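Trainee: Residue numbers (the working numbering), protein chains in the order written: chain E, 1 to 134; chain U, 1 to 134; chain X, 1 to 119; chain S, 1 to 119.
Since the hints were made in silico from the structure, they are not lab data.
Since the structure is predicted, the reported quantities are computational estimates derived from the model, not experimental observations.
Mixed in with the good hints there might be a few duds.
As the list claims (entries may be wrong) - If you only want the chain E side, here are some residues facing chain X, beta carbon under 10 Å, derived:
{"id": "1", "residue": "VAL17"}
{"id": "2", "residue": "LEU31"}
{"id": "3", "residue": "ASP39"}
{"id": "4", "residue": "ARG42"}
{"id": "5", "residue": "VAL53"}
{"id": "6", "residue": "ARG90"}
{"id": "7", "residue": "PRO96"}
Claimed, not checked - Away from chain U, derived, C-beta distances all over 10 Å, residues of chain S:
{"id": "8", "residue": "LEU6"}
{"id": "9", "residue": "GLY30"}
{"id": "10", "residue": "ALA52"}
{"id": "11", "residue": "ARG98"}
Said to hold, decoys possible - Computed beta-carbon distance windows for the label pairs:
{"id": "12", "chain 1": "X", "residue 1": "ALA92", "chain 2": "S", "residue 2": "ARG9", "range": "44 to 54 Å"}
{"id": "13", "chain 1": "S", "residue 1": "ALA92", "chain 2": "E", "residue 2": "GLU94", "range": "19 to 29 Å"}
{"id": "14", "chain 1": "S", "residue 1": "GLY38", "chain 2": "U", "residue 2": "GLU92", "range": "18 to 28 Å"}
{"id": "15", "chain 1": "X", "residue 1": "LEU106", "chain 2": "E", "residue 2": "GLU22", "range": "26 to 36 Å"}
{"id": "16", "chain 1": "S", "residue 1": "PRO115", "chain 2": "U", "residue 2": "GLY72", "range": "54 to 64 Å"}
{"id": "17", "chain 1": "U", "residue 1": "HIS99", "chain 2": "S", "residue 2": "GLU31", "range": "20 to 30 Å"}
{"id": "18", "chain 1": "U", "residue 1": "GLY72", "chain 2": "S", "residue 2": "ASP85", "range": "24 to 34 Å"}
{"id": "19", "chain 1": "U", "residue 1": "ALA26", "chain 2": "E", "residue 2": "GLU59", "range": "35 to 45 Å"}
{"id": "20", "chain 1": "U", "residue 1": "LEU31", "chain 2": "E", "residue 2": "GLU132", "range": "45 to 55 Å"}
All residues carry an ideal CB built from backbone N, CA and C; glycine is no exception.
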Amino acid sequence: MEGSDVEIELPARPESVALAREAVSAEADRLGMAPRCLDDLRTVVTEAFTNAVRYAYEEDVEGRVAIAVSAGEDVLCLTIRDFGVGIFPRPERELPSLHMGLPIIGALSEEFHLTSRRGRGTELTVCMPMGEAS
Amino acid sequence: MEGSDVEIELPARPESVALAREAVSAEADRLGMAPRCLDDLRTVVTEAFTNAVRYAYEEDVEGRVAIAVSAGEDVLCLTIRDFGVGIFPRPERELPSLHMGLPIIGALSEEFHLTSRRGRGTELTVCMPMGEAS
Amino acid sequence: MAGFSLEQRDLDPGYCEISVEGELDLAVAGELDEAIAGVDAGYVGLVVGLAACEFIDSTGIAVILRARRRFVAEGRRLVVCCPADQVERILAVTGLSRDGLVYESLDDALAALRPDADG
Amino acid sequence: MAGFSLEQRDLDPGYCEISVEGELDLAVAGELDEAIAGVDAGYVGLVVGLAACEFIDSTGIAVILRARRRFVAEGRRLVVCCPADQVERILAVTGLSRDGLVYESLDDALAALRPDADG
Ligand SMILES: Nc1ncnc2c1ncn2[C@@H]1O[C@H](COP(=O)(O)OP(=O)(O)O)[C@@H](O)[C@H]1O
Ligand SMILES: Nc1ncnc2c1ncn2[C@@H]1O[C@H](COP(=O)(O)OP(=O)(O)O)[C@@H](O)[C@H]1O
Numbered sequence: 001m002e003g004s005d006v007e008i009e010l011p012a013r014p015e016s017v018a019l020a021r022e023a024v025s026a027e028a029d030r031l032g033m034a035p036r037c038l039d040d041l042r043t044v045v046t047e048a049f050t051n052a053v054r055y056a057y058e059e060d061v062e063g064r065v066a067i068a069v070s071a072g073e074d075v076l077c078l079t080i081r082d083f084g085v086g087i088f089p090r091p092e093r094e095l096p097s098l099h100m101g102l103p104i105i106g107a108l109s110e111e112f113h114l115t116s117r118r119g120r121g122t123e124l125t126v127c128m129p130m131g132e133a134s
Numbered sequence: 001m002e003g004s005d006v007e008i009e010l011p012a013r014p015e016s017v018a019l020a021r022e023a024v025s026a027e028a029d030r031l032g033m034a035p036r037c038l039d040d041l042r043t044v045v046t047e048a049f050t051n052a053v054r055y056a057y058e059e060d061v062e063g064r065v066a067i068a069v070s071a072g073e074d075v076l077c078l079t080i081r082d083f084g085v086g087i088f089p090r091p092e093r094e095l096p097s098l099h100m101g102l103p104i105i106g107a108l109s110e111e112f113h114l115t116s117r118r119g120r121g122t123e124l125t126v127c128m129p130m131g132e133a134s
Numbered sequence: 001m002a003g004f005s006l007e008q009r010d011l012d013p014g015y016c017e018i019s020v021e022g023e024l025d026l027a028v029a030g031e032l033d034e035a036i037a038g039v040d041a042g043y044v045g046l047v048v049g050l051a052a053c054e055f056i057d058s059t060g061i062a063v064i065l066r067a068r069r070r071f072v073a074e075g076r077r078l079v080v081c082c083p084a085d086q087v088e089r090i091l092a093v094t095g096l097s098r099d100g101l102v103y104e105s106l107d108d109a110l111a112a113l114r115p116d117a118d119g
Numbered sequence: 001m002a003g004f005s006l007e008q009r010d011l012d013p014g015y016c017e018i019s020v021e022g023e024l025d026l027a028v029a030g031e032l033d034e035a036i037a038g039v040d041a042g043y044v045g046l047v048v049g050l051a052a053c054e055f056i057d058s059t060g061i062a063v064i065l066r067a068r069r070r071f072v073a074e075g076r077r078l079v080v081c082c083p084a085d086q087v088e089r090i091l092a093v094t095g096l097s098r099d100g101l102v103y104e105s106l107d108d109a110l111a112a113l114r115p116d117a118d119g
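The following block holds chain E by itself, in its conformation from the complex (with noise of 0.2 Å):
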């Protein structure tokens, strides 16, 4: 997370997302990001900061999850980290899971990275387009 712009750490309860949201949307508008592709990104940070707080630690734990946004001059990229259990088979609890999470952010960004350790946690780098034409 060398060279990020913003950097916050939220802890990992669902009333967080709303909040990494608008954080992270804030920042890319202030950068000047074209509204449709804030939209995008509002998706992939809500969807990335969702499994942290759903998946990453056992229910007990009350973990913490690590943002970072550092912007290029077409593209910005955004760090979702946790230090939970890694990308695990894990039950769903209360809620329904659309099984789609990564899969919708393949979609609306041009690459992302994911690396998972095992009992150490999960990094998503995504990296979007700062404007439509790319």
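Dock chains U, X and S with the ligands against the given chain E, drawing on the hints supplied.
Mentor: Same frame as chain E, now just chains U, X and S with the ligands:
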């Protein structure tokens, strides 16, 4: 995929999955991987290769899937790469899916790295222990 | 930050609408789940109205799809109407727009709920 | 490379077993799907026997789970028995061993299929 000991490329077809599994596990066996770890490796190759066969290419495209194996002292790294659509929402065709491909890979490996590029394909590198201890 | 609220109103006899206003994500998806579960069994058709829904995530969509499966199992129907902007886009990206779930107007949605309509 | 074959045999009246031999993956999962779909409706309980199954992937497991949902919808039952080695491990890793789906012996599996058993 530099420095890899074994590289193969197979057509993205269901019949290739067993070939991929055999090729990788024969090489790992030759390199001295412990039997229990070999079982996990066979599962991991199968899940990763199956994703490429099921999801990477449109139905009317016959794509290819590349595999590379590279071994260190305690660890074997396996890269499975396709040149398809990237991680993307894909309809289930005839066969159902468990939605646990990546989570199984995460549970059986030390770590994995996934890169998805929209319209250009998916690359997954998985690192597995050679012996029971790790 | 946009708030979140749900409102239920009657449509034609036997049919009702739950309108979603604001941003539907993990923090509030349970509220929608309960609201749909609480719709009286006398209603044979439900429209989930998304015209004022400014944002939806995959958890919100999953809640709607599960509720729809439960409705179908009971011989009732559930459709979604009037998505705009981000909501329309994510439904398209996930392939759900082509699924007989989503209608552009309340009239189309109501027509799809009638017993003589398909699906 | 291990081959793949399926064999169906009668157990007690109304019950039968499909035994899987060899490696069950994407290339052959459709065969198991069809074999299960082809089990006569007169059988109220089916055991999928995995003692001679040397390898299973998530597609094979998904086929079994979907078949089980279909059985349940018809008021019939389906269980799995006798996984070993890789099969046992992947069922454990995915959390399915704790699901009332998997039994260690054919006797246990048959007992679970009886109408007076749970689940
Ligand atoms: N941050 C995470 N920590 C642990 N497991 C995760 C994480 N993100 C995803 N997973 C696992 O990967 C699976 C697939 O992820 P994804 O498709 O993005 O989510 P979902 O199934 O909720 O749509 C999840 O069901 C979960 O088992
Ligand atoms: N190689 C690939 N190319 C394109 N899409 C993929 C690929 N691998 C996985 N996906 C997408 O990611 C989703 C989740 O992957 P995973 O959990 O491993 O598979 P599955 O759902 O079959 O268990 C798949 O349903 C598919 O939409």
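Trainee: Now, for every hint given, state plainly whether the structure supports it.
Mentor: The hints, checked one at a time:
no.: 1; hint: VAL17; verdict: 5 Å, holds
no.: 2; hint: LEU31; verdict: 19 Å, violated
no.: 3; hint: ASP39; verdict: 4 Å, holds
no.: 4; hint: ARG42; verdict: 6 Å, holds
no.: 5; hint: VAL53; verdict: 6 Å, holds
no.: 6; hint: ARG90; verdict: 14 Å, violated
no.: 7; hint: PRO96; verdict: 4 Å, holds
no.: 8; hint: LEU6; verdict: 16 Å, holds
no.: 9; hint: GLY30; verdict: 6 Å, violated
no.: 10; hint: ALA52; verdict: 16 Å, holds
no.: 11; hint: ARG98; verdict: 15 Å, holds
no.: 12; hint: ALA92/X x ARG9/S: 44 to 54 Å; verdict: 49 Å, holds
no.: 13; hint: ALA92/S x GLU94/E: 19 to 29 Å; verdict: 24 Å, holds
no.: 14; hint: GLY38/S x GLU92/U: 18 to 28 Å; verdict: 21 Å, holds
no.: 15; hint: LEU106/X x GLU22/E: 26 to 36 Å; verdict: 30 Å, holds
no.: 16; hint: PRO115/S x GLY72/U: 54 to 64 Å; verdict: 56 Å, holds
no.: 17; hint: HIS99/U x GLU31/S: 20 to 30 Å; verdict: 22 Å, holds
no.: 18; hint: GLY72/U x ASP85/S: 24 to 34 Å; verdict: 26 Å, holds
no.: 19; hint: ALA26/U x GLU59/E: 35 to 45 Å; verdict: 42 Å, holds
no.: 20; hint: LEU31/U x GLU132/E: 45 to 55 Å; verdict: 50 Å, holds
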